[in-house]
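Here the protein sequences line up with chains A and B, keeping their order. Using the numbering used here, read the first sequence as starting at 61 and increasing by one per residue. Using the numbering used here, read the second sequence as starting at 61 and increasing by one per residue.
Treat the hints loosely; a few may be bogus.
A pair counts as met if it fits within one copy or between any two copies, since identical chains are not told apart.
Unchecked claim - With a straight-line Cα cutoff of 25 Å, these simulated PhoX-like cross-link-like pairs (lysine-lysine) come out:
(1) K149 <-> K290
(2) K387 <-> K290
(3) K290 <-> K389
(4) K357 <-> K346
(5) K286 <-> K385
(6) K290 <-> K65
Worth flagging that the hints you see were computed from the coordinates, not collected in a lab.
2 protein chains.
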Amino acid sequence: MIDYKLHIPGPVNVSDETYQAMSTPVMGHRSQDFVALYQSCQPNLKKLFQTEDPVFLSTSSAWGVMEGSIRNLTKKKVLCCMCGAFSDKWLDVSRRSGKEADGLQVDWGRNIDPGELRNQLSSGQYDVVTLVHNETSCGMMNPLLEIMEVLRDFPEVISVIDTVSSFSVVPIPKDDWGIDVILTGSQKALAMPPGLALLSVSERAFARAEQVEGRGYYFDFLEFRKNHEKGMTPSTPVIPLIHALNHTLDKIFKEGVEERHQRHSDLNGMVHAWVESKGFELLPEKQFASKSLSCVKNNLEIDLAGFVDTLRREKKISIDGGYGKMKGKTFRISNMGDESTDTMAHLLGQMDEILPRFMAS
Amino acid sequence: MIDYKLHIPGPVNVSDETYQAMSTPVMGHRSQDFVALYQSCQPNLKKLFQTEDPVFLSTSSAWGVMEGSIRNLTKKKVLCCMCGAFSDKWLDVSRRSGKEADGLQVDWGRNIDPGELRNQLSSGQYDVVTLVHNETSCGMMNPLLEIMEVLRDFPEVISVIDTVSSFSVVPIPKDDWGIDVILTGSQKALAMPPGLALLSVSERAFARAEQVEGRGYYFDFLEFRKNHEKGMTPSTPVIPLIHALNHTLDKIFKEGVEERHQRHSDLNGMVHAWVESKGFELLPEKQFASKSLSCVKNNLEIDLAGFVDTLRREKKISIDGGYGKMKGKTFRISNMGDESTDTMAHLLGQMDEILPRFMAS
Chain A
61 MIDYKLHIPG PVNVSDETYQ AMSTPVMGHR SQDFVALYQS CQPNLKKLFQ TEDPVFLSTS
121 SAWGVMEGSI RNLTKKKVLC CMCGAFSDKW LDVSRRSGKE ADGLQVDWGR NIDPGELRNQ
181 LSSGQYDVVT LVHNETSCGM MNPLLEIMEV LRDFPEVISV IDTVSSFSVV PIPKDDWGID
241 VILTGSQKAL AMPPGLALLS VSERAFARAE QVEGRGYYFD FLEFRKNHEK GMTPSTPVIP
301 LIHALNHTLD KIFKEGVEER HQRHSDLNGM VHAWVESKGF ELLPEKQFAS KSLSCVKNNL
361 EIDLAGFVDT LRREKKISID GGYGKMKGKT FRISNMGDES TDTMAHLLGQ MDEILPRFMA
421 S
Chain B
61 MIDYKLHIPG PVNVSDETYQ AMSTPVMGHR SQDFVALYQS CQPNLKKLFQ TEDPVFLSTS
121 SAWGVMEGSI RNLTKKKVLC CMCGAFSDKW LDVSRRSGKE ADGLQVDWGR NIDPGELRNQ
181 LSSGQYDVVT LVHNETSCGM MNPLLEIMEV LRDFPEVISV IDTVSSFSVV PIPKDDWGID
241 VILTGSQKAL AMPPGLALLS VSERAFARAE QVEGRGYYFD FLEFRKNHEK GMTPSTPVIP
301 LIHALNHTLD KIFKEGVEER HQRHSDLNGM VHAWVESKGF ELLPEKQFAS KSLSCVKNNL
361 EIDLAGFVDT LRREKKISID GGYGKMKGKT FRISNMGDES TDTMAHLLGQ MDEILPRFMA
421 S
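So here's chain A without its partners, still in its complex pose:
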């Protein structure tokens, strides 16, 4: 059993109440009791996704539905917007799924430029675009509204937007912005354990799926819709996480969605202020910095491995020492989930206490 608190950018710390909700006894997934559970989540899910489309529950991590979206929607070719570890990987996953795909690549930490996206789409080659809204690996949040405005001019292009680490952190009005497929996972800002993915699919995307062969079954959007209409999932679902979701939705609406957004923004601001006060710099430009986590350049060249390790061992808090090729060059601090001014102040205070030991002398 771990003896430290998670401030990595997911999985994040899970509250005792959420674990308690997960321990609600399971029922048969074809029973009326399951239908009642499934349907009780829907009104809150629709409000949170800001959509009239159904919201599906997938027993998988987000990668399952990221691959599934490619298999459901691609007739011609996918354009993958690439700006970090997860968005880069989507190109590879698309090709492994037997689809033609190109990348629109920028350096890690940079944002996707809406004008450049427009140029690419103007070729007429593409019928699907993938975008990671908030690149968790780089702490960079793409300008989604501007990107969706570009996509509005390409009606045959279906948009698939990964909001794994931005969902419920900032407003993402799915219907207003014209997002076709929006997807997220349970273990980031929703502060549940991993194992459940959520997605909402537009009529346009269903119409596309109807024309695509080889969608399979497990992630088939039309199968999700057919079962949704009965208040069920296509396959046996991860019921404990649906109990946890129901609890989490109640908690979110008790706090208020706008208040939740403001809280994340405030807590994120505390981290930004700390970063600046120490002489560190954020990896992305400030205007594209994520509101849910901070990816900090190791411009002071501290002994980052030692810092992260000591924080965990002595102070019982785990932050991240850099993802993939950014290991040692950046560190990442999450302010997702149930964090408060007090818990973030505690984290920053603990980092303050040990940081001097790891500064280059």
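Since the structure of chain A is already known, use the hints to place chain B on it.
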């Protein structure tokens, strides 16, 4: 929250201790603490699967890896052995995954005949066979050893064996019997909540997967193997269920695997005796009857819906009133998981109390 005990054939009743294990705090899935958890399960998993091959943990229901197996292994054509709702569906799922597939169909409740399978395979058309060992929809257990003996004569045919409701109930020595892919789910005899699938893959199957395009990422066997070697999973795993698995494996080896098999056989025998004493009949022939659940013909033409409903409402026990087209014509009683002589005697006693009310007059 439900107020009844599950005796349906999955999900089955989950113990408080298992829920407690699920509430062990989650960790980062790329951390050494996760590696330690993953690796601590492996020796027991290998013993339980009776294999030297790796055992993978898939964050999905069994259908995910059933579809994944088709995508990983099929170059030519799949032969689906069809003898109930789940095995029948595998043909449809194979075709939806863009693969050519035929069915070897028998009536629901009948077993797959090894001689007939040999005839079909002799055509040389097939390179994958799917079989549901224990058809949960019909309470019928196929003669797996005899079937594997047939498959031994067709070395280019990869076997995919679903043991969703027989795993840990009867001995299934994977390596000895030459099973290529064996898969199961968490919510049947393992008595965990749904959301985790387990599978073990042979060298022959990996070699085949290396030759197959379009495997994708989420269920890619080679990706599972690559991550397994680091003590990890390809995507963020459903960590609470891995904690529960670790607990469950300890419990199984504390009881003893042979003792566990014997217990299931004994409890199943109690149900069979009850069935006979009432004048009911099992759907399958006795020698092919499942050891984990009993599928009982409604030959006495009782008001089955009323019986099942009253048992749940008055006696707080849920059994199943028939799957799919068998609704009303059969009922199913599980003896999977943590059941004991006492709990089964209680169930049968409660059924005795109310049954007379629903007999045809």
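Hint check results:
Taking the closest pair of Cα atoms, K149 and K290 come within 25 Å of each other only across two copies (19 Å); inside a single copy the shortest separation is 35 Å, beyond that limit. In the homo-oligomer, the alpha carbons of K387 and K290 lie at most 25 Å apart only across protomers (18 Å), although the nearest pairing inside one protomer, at 46 Å, exceeds that limit. In this assembly of identical chains, K290 and K389 lie within 25 Å of each other by CA distance solely across copies; the values are 23 Å between and 50 Å within a copy. In the homo-oligomer, the alpha carbons of K357 and K346 lie at most 25 Å apart inside one protomer (13 Å), although the nearest pairing across protomers, at 69 Å, exceeds that limit.
Proximity of K286 and K385 under a CA criterion of 25 Å is satisfied inter-copy only: 19 Å between copies versus 42 Å inside one chain copy. In this homomeric assembly, K290 and K65 come within 25 Å of each other (Cα to Cα) only across copies, at 24 Å, whereas the closest approach inside a single copy is 40 Å.
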